[in-house]
Each structure stands twice: as C-alpha cells, then as structure tokens.
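Student: Dock chain B against the given chain A, drawing on the hints supplied.
The listed protein sequences correspond, in order, to chains A and B. For the first sequence, position 3 (counting from the first letter as 1) is numbered 3 according to the numbering used here, and the numbering increases by one without interruption. For the second sequence, position 296 (counting from the first letter as 1) is numbered 328 according to the numbering used here, and the numbering increases by one without interruption.
Take the hints with a grain of salt, since some may be wrong.
No farther apart than 25 Å at their CA atoms in a straight line, the calculated lysine to aspartate or glutamate pairs in the DMTMM-like style are these [said to hold, decoys possible]:
1) B/K110 - B/D44
2) B/K266 - A/E24
3) B/K266 - A/D5
4) B/K262 - A/D6
5) B/K262 - B/E333
6) B/K269 - A/E24
7) B/K262 - B/E173
Derived from the structure by calculation, the hints contain no laboratory data.
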Amino acid sequence: MISFDDALNLIEAHVAPLGTEVVELGEASGAF
Amino acid sequence: MASPRHAVAAMDGYAVLDSATRPDAPLRLIGESCAGAGFSGSVSAGEAVRIFTGAPMPDGADRCIMQEYATRDGDYVKFAAGYGPGWNVRQAGSDFQSGALLLEAGRVLTPRAMIAAAAADVARITVAKRPRVAIIGTGDELAPPGSAYLGVDKIPESVTFGVAAMFENAGAHCVGQSVGLDDLPALEAAARAALDSADLVVVTGGASVGDRDFAKPMFAAHGLDLLFAKVAIKPGKPVWAGRAGGTWVLGLPGNPTSAMVTARLFLLPLLARLQGRSGAHALSWRQLPLAAPLPATGDRESFVRARWAEAGLAPLSNQDSGAQHALVDADWLIRCPAGQAARAAGETVSCIAF
Numbered sequence: 001m002i003s004f005d006d007a008l009n010l011i012e013a014h015v016a017p018l019g020t021e022v023v024e025l026g027e028a029s030g031a032f
Numbered sequence: 033m034a035s036p037r038h039a040v041a042a043m044d045g046y047a048v049l050d051s052a053t054r055p056d057a058p059l060r061l062i063g064e065s066c067a068g069a070g071f072s073g074s075v076s077a078g079e080a081v082r083i084f085t086g087a088p089m090p091d092g093a094d095r096c097i098m099q100e101y102a103t104r105d106g107d108y109v110k111f112a113a114g115y116g117p118g119w120n121v122r123q124a125g126s127d128f129q130s131g132a133l134l135l136e137a138g139r140v141l142t143p144r145a146m147i148a149a150a151a152a153d154v155a156r157i158t159v160a161k162r163p164r165v166a167i168i169g170t171g172d173e174l175a176p177p178g179s180a181y182l183g184v185d186k187i188p189e190s191v192t193f194g195v196a197a198m199f200e201n202a203g204a205h206c207v208g209q210s211v212g213l214d215d216l217p218a219l220e221a222a223a224r225a226a227l228d229s230a231d232l233v234v235v236t237g238g239a240s241v242g243d244r245d246f247a248k249p250m251f252a253a254h255g256l257d258l259l260f261a262k263v264a265i266k267p268g269k270p271v272w273a274g275r276a277g278g279t280w281v282l283g284l285p286g287n288p289t290s291a292m293v294t295a296r297l298f299l300l301p302l303l304a305r306l307q308g309r310s311g312a313h314a315l316s317w318r319q320l321p322l323a324a325p326l327p328a329t330g331d332r333e334s335f336v337r338a339r340w341a342e343a344g345l346a347p348l349s350n351q352d353s354g355a356q357h358a359l360v361d362a363d364w365l366i367r368c369p370a371g372q373a374a375r376a377a378g379e380t381v382s383c384i385a386f
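Chain A on its own, in the form it takes in the complex (with noise of 0.2 Å):
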C-alpha cells in the first residue's frame, strides 16, 4: 500500500500526453 502522494506522483511520472489535435471551432468548446 502506498501515500496518496506516492499514487499521484507515479501518475505524474507516467501518464503521457496524448497530444493535441485541429477541430473545428464548434467542437472545441471544453477543450485547451
């Protein structure tokens, strides 16, 4: 059994971003 901390810090250390993507502006919204 591990920390909290010691569970996000693994996520943190990796969990890759999956990148970004075009879309058209009327399917951004709730997206960054």
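Tutor: Here is chain B on its own, set in the frame of chain A:
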C-alpha cells in the same frame, strides 16, 4: 482579425464630423450605414450619414450623435444641444488587435472563451486531444436504473453515471458505459472491447481480492501492468491503476462514495496528464475554515465530505463509504492527514472542491 474590424457606431444615430457640427445647425443627409452594409462615401463638413449600432463609421465622420437628439426635416437633420460628451464610436481594434494573444495555451474553451475564438475569425483550432474514456461497472447485484425493482437482490447501478459525468466535465469523451456481471470470461471480453476503443478504461467494483472480484483479473488477460494497487486513504483504499496494451486502466471501489472520492483524487489528475497538464492542475487545494468540529483522523489519510455552511466547511454527518444521498451535499473534500487530532470550528483545513 481585429475587433471591431472597423470603427463602428455604438448607438443608432447620425455619423458626423464633430468639429463641423453645432447644435441646431442643419446637416445634409448623404446616405446610410448599416451593420453589414456600410456607407462607401465620406462625410464632410455640413453632412451627416444615418447610422445604426454596429455599422461602420463612414470616412470623415468621427462622432455618432444619438438619434434621440435628432430632428429630421427631409434630407436634413439637426441636433439638440447636449448631445455630448459621448462620441458613441467603438474604434477599430479597441477590443483586440489583429495578432493579439486572446487565449493562451492551456486555457479552457469556456462558453466565454468560445466567443473570443470565434470573434478572431478562426474556423479551426488546435486543442489538447480529449481522452476517450470507457467505464465498466461490475457486480451481479447491479441493474440499470429503472429496472432494479425487477430483481429481489438487485440494486440500481449508480456509480458509472456519477463517474462518467465527472470525466465528461473534465473534457473527456465517454466512449462506452456498461455493466458486467461477475463472470470472468464475459468481463474479459468487455475489457478487450473497452481497451480497443478508449485511451483510459475505468472499472468500478471488484477491486478487492475476493473470489468474485474480477476488476484486475479481467484485464490480466490483456497484459495488465499495475502502476499501483491500494492507497493508504479513507475512503477508497482499494483504488488501483495500471496499463493494458498501452491503454490506461483505473480501478475504483464499488461503494458509491468511495468511487466518487477516488475518481476526484485520481481520475481527474490522470485525465489532466493525458491532456498535457500536470496532475496537480486538477487538485487545487485551498485553505478554508471549519464551521463545525472535525473528528480526529485514524491511521489512514482521510478525505471527509463536507458542505459549505455560513461560516465555513461543515463535515457531513453521514461519512459512510456507501452513501449515495449524502453525495448530493458533499461539495467539498477535507484532506485530513493520518493521525491528525480533532479540529475545532474556526480552524483552517486543506480542502478541494468535490
């Protein structure tokens, strides 16, 4: 494109050359400027153009006199004294200039931000890819809402609805929401389908190690590689995360409150990472006062559900990990370190919006 693109009238009225305009002195009307159909000529001393809100100001005109001050007489118009001091003109680029930075990278396209993006005459926009998330609820006791009454031992499946709503609010697309019975071959097939369609699969329930806890085994056949399993928190100790065939898998406890708390604490940071942000971006801890006493914490770091009362945070009386009704009022999670002594009303605690 700048906004406004041209100098435009801010009122319905008359476009004039201010330095050549006096109260009660008639000006000759030489045309009309409407939004979408501006006046192509220019205004000189002694002339005016009828103009409407949002219409381009004609060349030569620098003031729009409100129509309430105007008296028309055929092709002439004159203005009552007191029409100033407003010029009633929105100058070109007074909102933003062409090339200005309107939305910095990482800024969420809120309804208000969508206005700015569209106003810049942008048809397509580069955004962080939205994670595709599939969610699978597990448990023989679960039935779709509206049908649980048909089986004596059935209960409405509620968790996937709450968790899906949470991840969709965080910018993810729900590509599958299903419930599976505690049957390993069937769950393995459901896992395969979810892994093939999603960037992240959330599975709820079956997170312990009982004979009928299949959340991890259903992904084992697909090469599950655990990142962590069991976290020293309350509620939500059984939470786990891993990867199967390149797709992230997050296992949440089946108890509704536990599932929602762990989704808030782990799913949202995971989604933030997938979208190119730090996980910390999803966890904005605040320091707020207690409106009521907070009991001592046990040997695990705890996240106490609370509502906002007049003077601060009030822990909810029902802290059961299986609670569902209490979630309605649980707008905050209070972070309580393991072994923390009881805290009194008025003391400040670390918390996060839930």
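Student: So, for every hint listed, does it hold in this structure?
Tutor: Against the structure, the hints:
1. For the suggested pair B/K110 and B/D44, the alpha carbons sit about 15 Å apart, so the restraint of at most 25 Å is met.
2. A hinted pair counts as satisfied when its Cα atoms are at most 25 Å apart, and B/K266 with A/E24 does not qualify at roughly 43 Å.
3. As the CA atoms of B/K266 and A/D5 are separated by approximately 14 Å, the hinted pair is consistent with the 25 Å bound.
4. About 11 Å separates the Cα atoms of B/K262 and A/D6, which keeps this hinted pair within 25 Å; it holds.
5. Between B/K262 and B/E333 the CA atoms are separated by roughly 13 Å; this keeps the pair inside 25 Å, and the hint holds.
6. Between B/K269 and A/E24 the CA atoms are separated by roughly 42 Å; this puts the pair beyond 25 Å, and the hint is violated.
7. Between B/K262 and B/E173 the alpha-carbon distance is near 24 Å, which keeps this suggested pair within the 25 Å criterion.
Violation of the numbered hints given earlier is confined to hints 2, 6; the remaining hints are satisfied by the structure.
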